[in-house]
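Chemist: Listed below, chain by chain, are the residues.
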Amino acid sequence: MEHRRAFLASVGLAASGALAGCLGRGGGRSETDLDAHPAAAGATDEPRLGPPLDEARGVIVAFEDPSCTTCRRFERTTFPRIESDLVGSGEVAFVYRLFPIVFPWGKPAAQALEATYDRSAEAFWALKAHYYAEQDAFGSGNVLDRTEAFLARETDVDAAGVVADAREERFDDRVQEDVRAAEEAGASATPTFYLFRDGAFLTRAVGAKDYAVFERALGG
Amino acid sequence: MVRLPTRARDWRLTARTVRLVLTVPVYALLALVVAALGLTLFVLSLSPGLFGFVAGGALPLGDRLAILLSLYPFVGTEFGPLAGTLLVAVALLFGANVATLVYHLREHDLSAREGGASAVGLVLGTLGAGCAACGTAILAGVLSLFGLPAALTFLPLEGLEFALLALVALALSTYWLADGMRGGEVNGCPVDP
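Sequence order for the protein chains is A and B. Under the numbering used here, the first residue of the first sequence is numbered 1, with each subsequent residue one higher. Under the numbering used here, the first residue of the second sequence is numbered 221, with each subsequent residue one higher.
Hints may be right or wrong, so weigh each one.
[Claimed, not checked] What follows is a set of in silico ranges between Cβ atoms, one per label pair, in the way DEER data are often shown:
| id | chain 1 | residue 1 | chain 2 | residue 2 | range |
| --- | --- | --- | --- | --- | --- |
| 1 | B | V322 | A | G88 | 47 to 53 angstroms |
| 2 | B | T305 | A | A137 | 24 to 30 angstroms |
| 3 | A | A129 | B | W231 | 43 to 49 angstroms |
| 4 | B | V388 | A | Q176 | 38 to 44 angstroms |
| 5 | B | G282 | A | G90 | 22 to 28 angstroms |
| 6 | A | S89 | B | W231 | 51 to 57 angstroms |
| 7 | A | G139 | B | P245 | 51 to 57 angstroms |
| 8 | A | A129 | B | V244 | 51 to 57 angstroms |
| 9 | B | T305 | A | N142 | 28 to 34 angstroms |
| 10 | A | Q176 | B | G277 | 29 to 35 angstroms |
| 11 | B | R227 | A | S84 | 52 to 58 angstroms |
| 12 | A | G139 | B | V253 | 43 to 49 angstroms |
| 13 | B | G282 | A | A200 | 17 to 23 angstroms |
Hint data in this document are derived by calculation from the structure and do not stem from the laboratory. Glycine residues also receive a C-beta, built at the ideal position from the N, C-alpha and C atoms.
Please construct the entire structure, taking both the sequences and the accompanying hints into account.
Modeler: Here it is, written out as structure tokens:
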């Protein structure tokens, strides 16, 4: 029920949005533009499925936590159709950003995901899927050992190197960039999605939203 | 004096009273409408930003309706089977509770056992429905003041505790309403034969 926590944050966001409207905006980019929206800060370097952001008609920026059970439901029910239909159409990009705020093992998992992405995007998506598929088996005590075993078994990346980097938090700046983006965008729960169409911000959706939300807002 | 429903016959009284009220078509309709409204308010309260986008955006009507429908349990994927069942149960019980209360206020002169138990039922029913909708939001707000934004996820049922609490509150509320209607008749039948 993480998404319930977004309620007050949304009220605050709406209030600040109204205030921004009252104060007026200067010229140039507005926060409703994809390239100026806090959720999308640095997103061009983030793990992405689909076309480059500046070529995509629709963009989904997702903030997720590998240890979050609601994210797991989204990954099982909605994400496969986003990947096959929306991303598969070549017109929608899906950006995965880390917001490890749920269970403690999500933090080392986030470090391992960034260390893996630095080596191979393909291995990154495989590891991300593995975390959600086997979520119940992970805990703070075994997450990096299981990560190393999976990467060694299923991918070509240097599994021991990934885990060593994760232990040393070598890519912590990338994790923190995601966390900062989430917080500045007003996210306080996982999963939180920011939807953009034709370069403009459409809406924020929190929770394991149905595929219809993404299809109807971004498709057509 | 307010009594707790500790005996099986207390629950039989509650079930009989609600059943009698709902045999009156207009009250059955009222219960359904209130249940639907309660569920709608609840799911929309979880997605205020999305609701604003759907209400104010430029999407075609069909897309708007599809997005709104997908927010409901068992229609979309937002709620798992357990959470969905609990939310629907809370909504239905809320509808039955309100229908029973309205029947009591409209059809009885409130002099049979006076409003003591009924008033407690009304307050608790309101709290019950309110706690399902707002409990986690309020708690989340309080927790976030202490830097604990994710603390809710450490509750064993991830916040569904509030729906369970609402279910208990509404059940108690309905019992006290029924208790307050003892000695009266519903649809020509005695509440407490």
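Chemist: Where does the structure disagree with the numbered hints, that is, which hint numbers, in rising order?
Modeler: Violated hints: none at all, because every hint is consistent with the structure.
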